[in-house]
Amino acid sequence: METVIAVENVGTVLGGHAIHRGLDLNVTRGEVVALIGGSGTGKSVLMREIIGLLRPQSGRIMLFGQSVWDATPDQVNALRRRFGVLFQDGALFSSLSVEDNVAAPLFEHTVLPRATCRQLARLKLALAGLPADVARKRPSELSGGMRKRVALARALALDPELLFLDEPTSGLDPISARAFDHLIRLLADSLGLTVFLITHDLDTLFSIIDRVIVLAAGRVLGSGTVDELKNIDDAWLRDYFAARSLGRESAHGN
Amino acid sequence: MAEARAHFDATEGALIASGDWHADAVGALPDLGGKTVRILDGAGIAQLDTNGAWLLLDAAGAQAELRGFQPRHLVLLQLVAKHAARTGVVPAPRREGAIELAGRGAVAIWGHVVGLLDFVGRLSIELAFLIGRPWHWRWREFGAQVRDVFVGAIPIVAGMLFLLGVVFAYLLGDQAVRYGANIFVVDGLLLAMLREVSPVIVAVLVAGRTGAAITAQIGTMKVNEEIDAIATLGLSPLAVLVIPRIVALLLALPLLVFIGDIAGMAGGMLVAKEQLDLSYRMFSDRMLDVINLKTLLVGLGKAPVFAVFIAMIACRMGMTVSRDARSVGEHTTSTVVQSLVAIIILNAAFAVTFVQLGI
Numbered sequence: 001m002e003t004v005i006a007v008e009n010v011g012t013v014l015g016g017h018a019i020h021r022g023l024d025l026n027v028t029r030g031e032v033v034a035l036i037g038g039s040g041t042g043k044s045v046l047m048r049e050i051i052g053l054l055r056p057q058s059g060r061i062m063l064f065g066q067s068v069w070d071a072t073p074d075q076v077n078a079l080r081r082r083f084g085v086l087f088q089d090g091a092l093f094s095s096l097s098v099e100d101n102v103a104a105p106l107f108e109h110t111v112l113p114r115a116t117c118r119q120l121a122r123l124k125l126a127l128a129g130l131p132a133d134v135a136r137k138r139p140s141e142l143s144g145g146m147r148k149r150v151a152l153a154r155a156l157a158l159d160p161e162l163l164f165l166d167e168p169t170s171g172l173d174p175i176s177a178r179a180f181d182h183l184i185r186l187l188a189d190s191l192g193l194t195v196f197l198i199t200h201d202l203d204t205l206f207s208i209i210d211r212v213i214v215l216a217a218g219r220v221l222g223s224g225t226v227d228e229l230k231n232i233d234d235a236w237l238r239d240y241f242a243a244r245s246l247g248r249e250s251a252h253g254n
Numbered sequence: 001m002a003e004a005r006a007h008f009d010a011t012e013g014a015l016i017a018s019g020d021w022h023a024d025a026v027g028a029l030p031d032l033g034g035k036t037v038r039i040l041d042g043a044g045i046a047q048l049d050t051n052g053a054w055l056l057l058d059a060a061g062a063q064a065e066l067r068g069f070q071p072r073h074l075v076l077l078q079l080v081a082k083h084a085a086r087t088g089v090v091p092a093p094r095r096e097g098a099i100e101l102a103g104r105g106a107v108a109i110w111g112h113v114v115g116l117l118d119f120v121g122r123l124s125i126e127l128a129f130l131i132g133r134p135w136h137w138r139w140r141e142f143g144a145q146v147r148d149v150f151v152g153a154i155p156i157v158a159g160m161l162f163l164l165g166v167v168f169a170y171l172l173g174d175q176a177v178r179y180g181a182n183i184f185v186v187d188g189l190l191l192a193m194l195r196e197v198s199p200v201i202v203a204v205l206v207a208g209r210t211g212a213a214i215t216a217q218i219g220t221m222k223v224n225e226e227i228d229a230i231a232t233l234g235l236s237p238l239a240v241l242v243i244p245r246i247v248a249l250l251l252a253l254p255l256l257v258f259i260g261d262i263a264g265m266a267g268g269m270l271v272a273k274e275q276l277d278l279s280y281r282m283f284s285d286r287m288l289d290v291i292n293l294k295t296l297l298v299g300l301g302k303a304p305v306f307a308v309f310i311a312m313i314a315c316r317m318g319m320t321v322s323r324d325a326r327s328v329g330e331h332t333t334s335t336v337v338q339s340l341v342a343i344i345i346l347n348a349a350f351a352v353t354f355v356q357l358g359i
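Quick mapping for you: the protein sequence lines, in order, are chains A and B. Be aware that the first sequence starts at 1, since it is given in my numbering, and climbs by one per residue. Be aware that the second sequence starts at 1, since it is given in my numbering, and climbs by one per residue.
Treat the hints as calculated values from the structure; they're not laboratory data. Here a beta-carbon is modelled for each residue, glycine too, at the ideal position from N, C-alpha and C. Be aware that a few hints might be false.
For the chain A half of the interface with chain B, some residues (derived, Cβ under 8 Å), not all of them [as the list claims (entries may be wrong)]:
#1 V45
#2 T116
#3 A126
#4 L127
Counterexamples of contact, computed for chain B against chain A with all Cβ distances above 10 Å [unchecked claim]:
#5 G33
#6 G52
#7 A84
#8 S124
#9 A351
Partner residues are not named here, just some residues of chain A that face chain B (Cβ under 7 Å, in silico) [claimed, not checked]:
#10 S95
#11 L120
#12 D159
So that you can see chain A by itself, here it is in the shape it has in the complex (with noise of 0.2 Å):
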């Protein structure tokens, strides 16, 4: 299969303190592939750095065969056309009506005229689960639930191959949080996606997830299924895996 992020010995080091020190993974074509690891562990960061954001102090990040941080400014715009981003809290432009947001993409990068990129923006709504009536609506006039979707949305306008998305369910309640999980993995086998994300979320891991990552002390403690991970013996991972079946005793408790 073909890889398409690979990143290879990677060093961060911010404010004197190193993040990541050698770090090396690889997401093939495909994978839905989540990364998780304690607080301070350097997922957003790795993730920024992924996506061209910051750079990192050593090793090479390589998307769809491309070192990112030895492209010329004309191969990371053609890079970035090939991924879509999903931020924290949806970074959705507030100026933007939510179609406007969603077609922002469309409008930059390709020739369409704009009703055209508006129709395309509103098929991208529509695939994100979100009724018509919202397209006019401003950003700051819908839920945060709401405003993740317009945010999936604007990161699928321009049909990357590969998604990124930094905590999808974070901030959402239980019912949304898996709706929107089920919509990610619906979205990626119907439209063949390649998904990279971060998450605190348990629920998340065990239902749409192909591949788990861990980050520890700025390297990759392991990688595989749930189910492989809980034989790895490291104290921060029984107490995360620990801490959701005693969430399901207390549940059968009642």
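Based on the hints, put chain B in the right spot on chain A.
Below, chain B without anything else, positioned relative to chain A:
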């Protein structure tokens, strides 16, 4: 990558597409000229994404039969067709005419007037509470504000008024020299600077510099829910944020006007020496002869009134920001506009009042 191609086969009414169909493939669509597409043929399509699928479906129409597509492309087409049907057509918002815009503007202005009165009311209640409790005052915040508002503004105020003094003296001198009335430039400059130019220009500068900063700062705090956090801690946002700013500006603006007075006269003095052969000694002697306390106080007395209006407008606009970045920008703009309008109206009111009272 194979280039997207499409052509229309008139004999069977088929739109035959091939290559990679992405958003940029729109140029490959043939001009159908109103002909009905009965069949959409995708046997030659190598890659298809949702944007490409929508373009093909939109060109072919909903009734066209799909032929020759690969199974995964067919799934995608069906997904797009299903969701495209749900999007519907959202009617464009109606454009508003001049009368509607004028009405909307009038309502907005009325809203600002009522809002400011309401704000004055709340502020009075808060002040009445604080007046006997000096330990509730935020002295530290007040000190920080005085530093930002006063000390930070000295260079721009002094520089601006110095240059205005230069310009005024130069233009006055140009006239006065024709009548041999060189020395009266001092009288004119003194009156203009102290009574009108310095108070108004300094107030305008402070409205643009400090007023905008106050609104942007309080507005961003509102966006970050910091104001709510202050209220939840049992503190009054008015006492913590608003009153120190108003008092700081109340203190700073008359001082800035006084600095502006001095800078303006200094600028005039320089020009008088170069252009009118008035020595510094003659200039200052004449200045001492003609200056009177009334002229100075009229100018300085306007400053606190301007200050209170600028600070109240800026704080109120900051507190009424709604929770997005666009609103912060709108409210900051509105603060500067409202402050300038207030300064000009107040200055006109002062001018008429002083004339009526014979001051």
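Just want to verify: B:A84 was marked as not at the interface with chain A; is every Cβ pair farther apart than 10 Å?
violated, 5 Å
Proposed interface contact between A:T116 and chain B, which counts if any beta carbon pair is under 8 Å:
It holds, given that the least Cβ distance between A:T116 and chain B is near 7 Å, below 8 Å.
Whether B:S124 stays farther than 10 Å from all C-beta atoms of chain A, as the label says
Holds, because the least Cβ-Cβ distance between B:S124 and chain A comes to about 32 Å, which exceeds 10 Å.
Interface restraint verdict for A:A126 against chain B (beta-carbon cut-off 8 Å)
This hint holds: A:A126 lies near chain B, its Cβ roughly 4 Å from the closest one there, short of 8 Å.
Minimum Cβ-Cβ distance from B:G52 to chain A exceeds 10 Å
Violated, since 8 Å does not exceed 10 Å.
Non-interface claim for B:G33, where every Cβ of chain A lies beyond 10 Å
The assertion about B:G33 holds, with a minimum of 18 Å to chain A.
Let's test the interface hint: is any C-beta of chain B closer than 7 Å to that of A:L120?
holds, 6 Å
Does A:L127 pass the interface check with chain B, least Cβ-Cβ distance below 8 Å?
holds, 5 Å
Restraint satisfaction for A:S95 [CB to CB of chain B, less than 7 Å]
holds, 4 Å
Tell me if the interface restraint on A:D159 is satisfied: Cβ within less than 7 Å of some Cβ in chain B.
With a minimum Cβ separation of about 4 Å from chain B (threshold 7 Å), the hint on A:D159 holds.
Would the hint on A:V45 be counted as holding, given a Cβ-Cβ threshold of 8 Å to chain B?
Hint on A:V45: violated, closest Cβ of chain B at ~23 Å, above 8 Å.
Are all C-beta atoms of chain A more than 10 Å from that of B:A351?
At about 41 Å from chain A, B:A351 clears the 10 Å cut-off, so the statement holds.
When held up to the earlier numbered hints, the structure conflicts with 1, 6 and 7 and fits the remainder.
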